[in-house]
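Enquirer: For reference, the chains in residue letters:
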Amino acid sequence: MSTLEIKDLHVSIETEQGNKEILKGVSLVIKTGETHAIMGPNGSGKSTLASTIAGHPRYIVTSGSITLDGADVLEMGVDERARAGMFLAMQYPVEVPGVSMTNFLRTAKTAIDGVAPKLRTWTKDVKTAMEALKIDAEFASRNVNEGFSGGEKKRVEILQLELFKPKFAILDETDSGLDVDALKVVSEGVNRAQEQNEMGTLLITHYTRILRYIKPDFVHVFVDGKIAEQGGAELADRLEEEGYDRFLNVPA
Amino acid sequence: MTDTATHLTGEKARIGAPSIAGFTEEGENLSPLNAAASPIGGDASKAHSHGGGAGIPDSSRAGRKTSYNVEDFPVLTGREEDFRFTPLKRMGGLHKNELTGVAPALTVEGANVSTLETVAMTDARVGSAGIPEDRISANAWKHAAEAKIVTIPANSTGEQVTLTYTGTSLDAAASHMVVIAEANSESVVVIDHVGSAVLAQNIEFDIRQGAKLTVISLQAWAEDAIHASSHLAKVGKDAHLKHIAVTYGGNLVRMTPSAHFEGEGGEVELFGLYFADAGQHLEHRLFVDHATENCKSNVLYKGALQGKDAHTVWVGDVLIRKEAKGTNSYEANRNLVLTEGARADSVPNLEIETGLIDGAGHASTTGRFDDEHLFYLMSRGIDEKTARRLVVRGFLNEIVQQIRVPEIEERLAETIERELAATDN
Numbered sequence: 001m002s003t004l005e006i007k008d009l010h011v012s013i014e015t016e017q018g019n020k021e022i023l024k025g026v027s028l029v030i031k032t033g034e035t036h037a038i039m040g041p042n043g044s045g046k047s048t049l050a051s052t053i054a055g056h057p058r059y060i061v062t063s064g065s066i067t068l069d070g071a072d073v074l075e076m077g078v079d080e081r082a083r084a085g086m087f088l089a090m091q092y093p094v095e096v097p098g099v100s101m102t103n104f105l106r107t108a109k110t111a112i113d114g115v116a117p118k119l120r121t122w123t124k125d126v127k128t129a130m131e132a133l134k135i136d137a138e139f140a141s142r143n144v145n146e147g148f149s150g151g152e153k154k155r156v157e158i159l160q161l162e163l164f165k166p167k168f169a170i171l172d173e174t175d176s177g178l179d180v181d182a183l184k185v186v187s188e189g190v191n192r193a194q195e196q197n198e199m200g201t202l203l204i205t206h207y208t209r210i211l212r213y214i215k216p217d218f219v220h221v222f223v224d225g226k227i228a229e230q231g232g233a234e235l236a237d238r239l240e241e242e243g244y245d246r247f248l249n250v251p252a
Numbered sequence: 001m002t003d004t005a006t007h008l009t010g011e012k013a014r015i016g017a018p019s020i021a022g023f024t025e026e027g028e029n030l031s032p033l034n035a036a037a038s039p040i041g042g043d044a045s046k047a048h049s050h051g052g053g054a055g056i057p058d059s060s061r062a063g064r065k066t067s068y069n070v071e072d073f074p075v076l077t078g079r080e081e082d083f084r085f086t087p088l089k090r091m092g093g094l095h096k097n098e099l100t101g102v103a104p105a106l107t108v109e110g111a112n113v114s115t116l117e118t119v120a121m122t123d124a125r126v127g128s129a130g131i132p133e134d135r136i137s138a139n140a141w142k143h144a145a146e147a148k149i150v151t152i153p154a155n156s157t158g159e160q161v162t163l164t165y166t167g168t169s170l171d172a173a174a175s176h177m178v179v180i181a182e183a184n185s186e187s188v189v190v191i192d193h194v195g196s197a198v199l200a201q202n203i204e205f206d207i208r209q210g211a212k213l214t215v216i217s218l219q220a221w222a223e224d225a226i227h228a229s230s231h232l233a234k235v236g237k238d239a240h241l242k243h244i245a246v247t248y249g250g251n252l253v254r255m256t257p258s259a260h261f262e263g264e265g266g267e268v269e270l271f272g273l274y275f276a277d278a279g280q281h282l283e284h285r286l287f288v289d290h291a292t293e294n295c296k297s298n299v300l301y302k303g304a305l306q307g308k309d310a311h312t313v314w315v316g317d318v319l320i321r322k323e324a325k326g327t328n329s330y331e332a333n334r335n336l337v338l339t340e341g342a343r344a345d346s347v348p349n350l351e352i353e354t355g356l357i358d359g360a361g362h363a364s365t366t367g368r369f370d371d372e373h374l375f376y377l378m379s380r381g382i383d384e385k386t387a388r389r390l391v392v393r394g395f396l397n398e399i400v401q402q403i404r405v406p407e408i409e410e411r412l413a414e415t416i417e418r419e420l421a422a423t424d425n
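Just so you know, the sequences run in chain order V and U. 1 is the number of the first residue of the first sequence in the working numbering; add one for each residue after it. 1 is the number of the first residue of the second sequence in the working numbering; add one for each residue after it.
Since the hints were made in silico from the structure, they are not lab data. A couple of the hints might just be wrong.
[As the list claims (entries may be wrong)] 30 Å max Cα-Cα, derived DSSO-like pairs, lysine-lysine:
id : chain 1 : residue 1 : chain 2 : residue 2
1  : V       : 153       : U       : 65
2  : U       : 89        : U       : 65
3  : V       : 165       : U       : 89
4  : V       : 124       : U       : 385
5  : V       : 118       : U       : 385
6  : V       : 167       : U       : 385
7  : V       : 165       : V       : 184
8  : V       : 7         : V       : 31
9  : U       : 385       : V       : 127
Please construct the entire structure, taking both the sequences and the accompanying hints into account.
Expert: Spelled out as structure tokens, the structure:
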């Protein structure tokens, strides 16, 4: 079993008006096999947490720590974090012109595992995973995310999740821009990965609908860069009915 | 448009095809001078002392002088619009001297049905597809001792011929070639330039009705070469030209591919790939002249630059004349600056004189490595060095993939690897 631990994390970004603090002391412990949902209104810092864990250079950690089984994640480069077993399914996956999906997937798999995957089983694995996610076979020869629709990009993120088999997956608003059918397909992919790899999942979402398909063990409500409330799956149901208003209309 | 290496410029939206009288589009050159029956005249021509009093060289591509006689072009000063980026001092005299050196030898491979003739410059076919559009081209015309004529017979398919120019002298020389793709032929012509030379060159392409011609021109010179190359294409009715310029050799290379539509239904694709190292000046100025109805053009040039004083210039002139209704045109240039000290100039010029078009657009970007590309790849465990290589290879592969001649694609892949290894990218 592995543990991803976030302790009193403070994160800023540089703006033209100077540094702006986005995360104001976040603490969270995720173990493999667990699913944590992070919910909250727009601008509360949910995606900042995701990008900070992955090591995006835009986000500056001013204090606090992130550790993976005791190892200092903040000391690791972006690629080292991935090789250590973390995966970020991005909210807006970028297009990388000229790099084919096939080439990209194989290069990444080789980097993560430290050895090139055996060609025959790898090709089969990719094909099977693509079929399960209802991704057309011709996507393999297309360039990474190039010309993919929003929904296709999200499926391809989950395809990588299934193929790379991380210990911890952070899903940054994977549900946004998906219709009901696509949401189901993508959720099934996440559930498969969790069953097969004992994966720990940090599911970041604004809406509760994805939680119908991916059952969270814990729900954390993010407001203004902090966790305002925590609970089990029932907290999500309450948010479904009440929205975030009660967190935003804080009495003076 | 951008004149600096580091600025990123956004894409301009494609312009739709509203049939609106007096079509005006923000940012496009709709000089009232061009709307007149003749593009020549008006105040602008008087404002310019050069240009022989005729034409409006700096306000519209339509006003640019063309002539077979070098004397019709004024002596270059470097201030002219079409030479403002070119370091004339490094041109080896191609623009002013007698070009009496021995031209690079031409060898031919793979000619099965096509023929190669050597003829006098007085042959009727010389000048049948193009007229020089600048002084260097006219100077080459004047001094070329002979012309080579490649003819791809009508209705033939599958011809793939490689013409290799091998330079062995740094005496300024001139050469001339005419490639005739006869009606309904389908062929690939590779024109390779290797060795050392100081060469002013004209290549005419006469692409006749229904013909499909792919031209791959490789400027793979030794590092001391100086090359000014004018490609003049005449695209017939329903004819198709795919032209790919690949430039990485030489000290200074200035290529000016231009395509003129002569009949309806023509299509032109102009692709380019350049890789400039320290001290190299690689310039591509292209011109697509939409003078007839219902023709299509698509332009994409991509370049990578590295090292001190590596300089690339890309200027894309697309002119959609009043007569060219139903035109569909797009041009883009993308540059990737790999190190400090390199400079990419990129200037797309789109002139539209009719509103009755299907579409026209242009884009230009010059940037460093895209940090978001790097982040994406690295977040998948790929180390920075490998990620950078993937991105650069990927960036240039978009053009390499267009070549579809395996030997050349391989050769270019190797060249790109070698170039990247040089700066540890």
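Enquirer: Please go over all the hints and tell whether each is borne out by the structure.
Expert: Cross-check of the supplied hints:
no. : hint          : result
1   : V:153 - U:65  : violated (50 Å)
2   : U:89 - U:65   : holds (23 Å)
3   : V:165 - U:89  : violated (60 Å)
4   : V:124 - U:385 : holds (29 Å)
5   : V:118 - U:385 : holds (24 Å)
6   : V:167 - U:385 : holds (25 Å)
7   : V:165 - V:184 : holds (20 Å)
8   : V:7 - V:31    : holds (14 Å)
9   : U:385 - V:127 : holds (29 Å)
The structure does not agree with the numbered hints 1 and 3 stated previously, though it agrees with the rest.
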